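Chemist: What follows is each chain in one-letter form.
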Amino acid sequence: MSNSVSTNSPSVSFIRKESTQALPPPIRATGALAWIRDNLFSTVFNTVLTFISLALIYLMLMQLLHFAFFDATFTGQDRSACLSSASRPEPGACWSFISTYINYFIYGSYPIDLRWRVNIVYVLFFISMVWVLWINAPKRAWGAISFFIILPIVSYILLLGAPSLGLEKVTTERLGGMVVTFIVAIVGIVVSLPLGILLALGRRSNLPIVKVFCVIFIEFVRGVPLITVLFAANFMLPLFLPPDLNPDRLLRALVAVVLFSAAYMAEVVRAGLQALPKGQYEGANAMGLSYWQSMRLIILPQALKATLPNIVNSNVALFKDTTLVSTVGIFDFVNTLQASFKNPDWATPVTSTTGWLFAAAFYFVCCYSMSSYARTIETRLAIADKR
Amino acid sequence: MAIAELEEKPRISPFYDPKIRAFVYQAAMIFLVGYGLYAAYTNAVTGLSKQGVVTSLGFWDSVAGFPISFRLIDFTELSSYGTAFWVGLINTVVVSVIGIFLATILGFIVGIARLSSNWLISKIAYWYVQIIRNIPLLIQLILIADLMHHLPGATEIKQNTSGIYLTNQGLFTPRPVFEAGSGLIFYAFLGGLVAFIGYYNWAKNRQIATGKQSPTGLVFLGLIVIFPIAVFFISGMPISLAYPVKTRFSFQGDATLQIEFVAALLGLVIYTAAFIAEVVRAGIMSVSKGQTEAASALGLTAGQNLRLVVVPQAFRVILPPLTNQYLNLTKNSSLASVIAFPELVQVFAGTVLNQTNQAIPVMGITMLVYLTISLITSFLMNAFNQRMALRER
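Protein chains in written order, with this note's numbering: chain C, 1 to 387; chain H, 1 to 393.
Derived by calculation from the structure, the hints in this document are not laboratory data. The reader is advised that the hints may include incorrect statements.
Unchecked claim - Between beta-carbon pairs, the in silico distance windows are: (1) 344(C) with 65(H): 31 to 37 Å; (2) 109(H) with 86(C): 23 to 29 Å; (3) 175(H) with 347(C): 57 to 63 Å; (4) 55(H) with 329(C): 19 to 25 Å; (5) 139(C) with 41(H): 44 to 50 Å; (6) 195(H) with 45(C): 29 to 35 Å.
Said to hold, decoys possible - In silico SDA-like links for lysine to any residue, alpha-carbon gap of 25 Å or less: (7) 211(C) with 38(H); (8) 50(H) with 240(C); (9) 123(H) with 310(C); (10) 158(H) with 310(C); (11) 211(C) with 50(H).
Since we're looking at a predicted model, the values are computed, not measured. Every residue gets a Cβ at the ideal spot worked out from N, C-alpha and C, and that includes glycine.
The whole structure should be built from the sequences, with the hints applied where relevant.
Modeler: Given below as structure tokens:
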């Protein structure tokens with residue numbers, strides 16, 4: 001058998017030197033069509049789900065688009081433009097109301113000729129926030145100093161005025177709108193982070209009494225809603241403090257927000273401290289560092305870095321919680337909205353819906369950018385930790 | 001000899017002695033906190049006596065004199081402040097419990113949808129979570145309440161045959177009227193339930209012993225749904241429906257579901273479900289892929305896979321953060337006070353506090369209620385968690 005093959009084949013033998021061009025994959029396995037089939041219509045159940053959700057999206061999106069754009073009013077001097085008419089039986093959002101009131105929402109009832117001070121604070125706030133959050137920013141330590149120290153001091157001087165510097169005094173009652181929302185958020189973040197770190201360290205302390213105090217404080221605050229803390233601060237703080245110290249409304253609300261978010265911050269920081277391997281603590285001890293030295297130089301830098309996404313997320317929660325100060329009569333963004341609805345010049349059936357939709361959009365933009373930042377940091381840290 | 005020398009304590013200056021330092025620190029802390037509390041107490045006493053307010057719970061039995069629209073126990077304008085407290089507390093508990101139940105269902109659906117192989121479904125779930133989590137609950141509640149107040153009023157609605165009306169006062173539906181003999185149906189339902197539980201246990205034991213499966217769904221339908229309905233018809237239909245009757249401006253009686261309650265519930269459920277969805281997603285992702293693959297290799301369908309393999313294992317990871325979300329929902333129910341739902345904060349820390357001016361006892365009691373709920377829940381969940389935890393050797 002083998003002989004016959006070897007004797008007959010040489011003349012017809014053919015050995016291919018190069019492989020042929022590979023055939024293109026079948027059209028049904030690649031490209032947009034295959035993707036659609038795999039991701040939208042892979043099974044009967046998925047097909048049904050796809051169609052149902054497409055219908056739902058269409059209905060909801062159309063409703064929203066009609067209200068926010070197609071049927072909306074963009075220009076107009078008063079309510080008449082936003083009322084229903086024969087040509088438009090169901091009017092959409094009344095954006096001209098928002099554009100009329102936008103300065104009130106941003107500055108509150110701050111004196112109009114002094115608004116430049118608020119503008120400076122906004123700019124400073126924006127610059128230092130970008131500086132401290134931008135990971136590769138030059139001299140980031142200075143960014144942190146500007147955010148945590150310079151910004152609060154400058155804002156305080158600019159917003160409330162300092163007669164000795166030639167700046168007219170402005171009472172806190174004149175502050176309002178987004179200014180107050182940002183003030184509450186920034187004070188909350190700037191004060192509650194160090195306070196939270198101290199509470200977290202206290203909770204992990206070896207000193208039993210320090211530990212008990214911290215645990216009681218943290219668990220008590222975390223066990224009650226913010227609204228009750230705000231109420232308590234509003235009604236009870238003036239009673240507990242010496243009468244001549246009488247703190248104003250804004251300060252009472254700030255105390256409540258700071259104490260509340262400090263307890264949550266403490267738990268976030270504690271999680272970071274616990275995640276640190278024990279060797280770090282032991283190593284710091286072995287180096288002969290004192291407690292505060294080891295915390296400042298070894299433990300906290302690592303723990304805070306690892307838990308940065310959670311700190312940012314906790315700040316998102318704090319920012320959302322600032323809306324609650326409106327319940328104790330602080331004129332934040334929510335309350336300026338509510339006040340603007342009372343103007344009869346703009347009283348239409350769609351005014352309040354437009355206003356709340358605008359508020360939702362405002363908070364969404366702020367919070368979503370913060371939480372997206374937290375996610376970016378998280379992935380970066382995950383990549384950095386991978387060996 | 002050498003050992004004895006080593007055991008001799010090294011001499012340190014008392015300034016650096018950790019024991020002495022610890023004592024000094026803690027003594028200082030006790031002093032500071034104690035002094036702060038003492039100062040607060042004396043300030044409050046002098047301040048209150050100057051205002052002529054006597055702090056006491058004496059108001060508890062006085063007549064409240066205000067109405068509460070949503071109540072599950074009797075409350076009139078002649079009822080006491082104490083009753084108002086209970087009405088508020090019960091409303092808080094009711095909205096929280098129903099909210100927790102619905103938010104769990106919605107949260108699990110969204111969390112599982114987030115991991116769906118269907119791209120559209122997972123994207124919808126993703127954006128649901130992102131949008132809801134990044135808008136303050138207060139704004140959402142107000143927006144929902146606002147949209148509901150824009151529903152047509154009772155005067156604009158025509159009477160229809162279904163008897164179901166969604167108005168800006170709430171949802172009006174036909175209500176059952178129980179006549180003589182309707183107890184029989186209730187007992188039939190109860191009997192069906194007991195019979196079904198017995199059957200279920202028998203079927204389960206049989207499956208464990210022999211591997212033979214018995215139909216539970218059909219038996220469930222027969223015993224718990226069809227049997228009571230059959231009794232209803234046999235006994236001569238003793239339950240009838242009272243249709244809402246239109247009056248000049250509204251419908252007779254209260255709405256079946258009042259608008260504030262629906263808005264509060266919807267807001268809380270939608271908001272918390274987004275957080276629960278993330279918890280569920282993280283839990284499911286924590287179950288290793290080998291488990292799902294092995295289950296598929298055994299021939300389990302996707303649904304069975306989820307129900308019998310993935311969720312029971314994910315449950316251990318899910319439970320602690322899920323409890324946290326339940327507590328958050330309960331605490332967040334206090335925000336419903338802003339949209340005028342009469343829960344604890346609105347009734348007690350709002351109206352009662354304003355009328356009695358007893359800030360310290362009223363706020364103290366309100367906070368204590370939430371604290372008690374939180375502590376009891378975390379205690380129960382910790383106990384449950386310990387039972388559920390993996391027994392590792």
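Chemist: If a hint holds in the structure, say so; if it doesn't, say that too.
Modeler: Consistency of the hints with the structure:
A hinted range of 31 to 37 Å for the beta carbons of residue 344(C) and residue 65(H) is consistent with their spacing of about 33 Å. One distance hint, 23 to 29 Å for the beta-carbon pair residue 109(H) and residue 86(C), is violated here, with the actual separation near 44 Å. With their beta carbons about 37 Å apart, residue 175(H) and residue 347(C) fall outside the hinted range of 57 to 63 Å. A beta carbon spacing of about 23 Å between residue 55(H) and residue 329(C) agrees with the range 19 to 25 Å that was offered as a hint.
The given range of 44 to 50 Å is respected by residue 139(C) and residue 41(H), whose C-beta atoms sit roughly 49 Å from each other. One distance hint, 29 to 35 Å for the beta-carbon pair residue 195(H) and residue 45(C), holds here, with the actual separation near 34 Å. Restraint check for residue 211(C) and residue 38(H): satisfied, since their Cα atoms lie roughly 21 Å apart, inside the 25 Å limit. A C-alpha spacing of about 14 Å is found between residue 50(H) and residue 240(C), which places the hinted pair at or below 25 Å, so the restraint holds.
For the suggested pair residue 123(H) and residue 310(C), the alpha carbons sit about 24 Å apart, so the restraint of at most 25 Å is met. Straight-line distance between C-alpha atoms of residue 158(H) and residue 310(C) comes to about 53 Å, which puts the hinted pair past the 25 Å bound. For the hint pairing residue 211(C) with residue 50(H), the CA-to-CA distance comes to about 38 Å; that exceeds 25 Å, so the pair is violated.
The structure fails to meet hints 2, 3, 10 and 11 from the earlier list, while all remaining hints are met.
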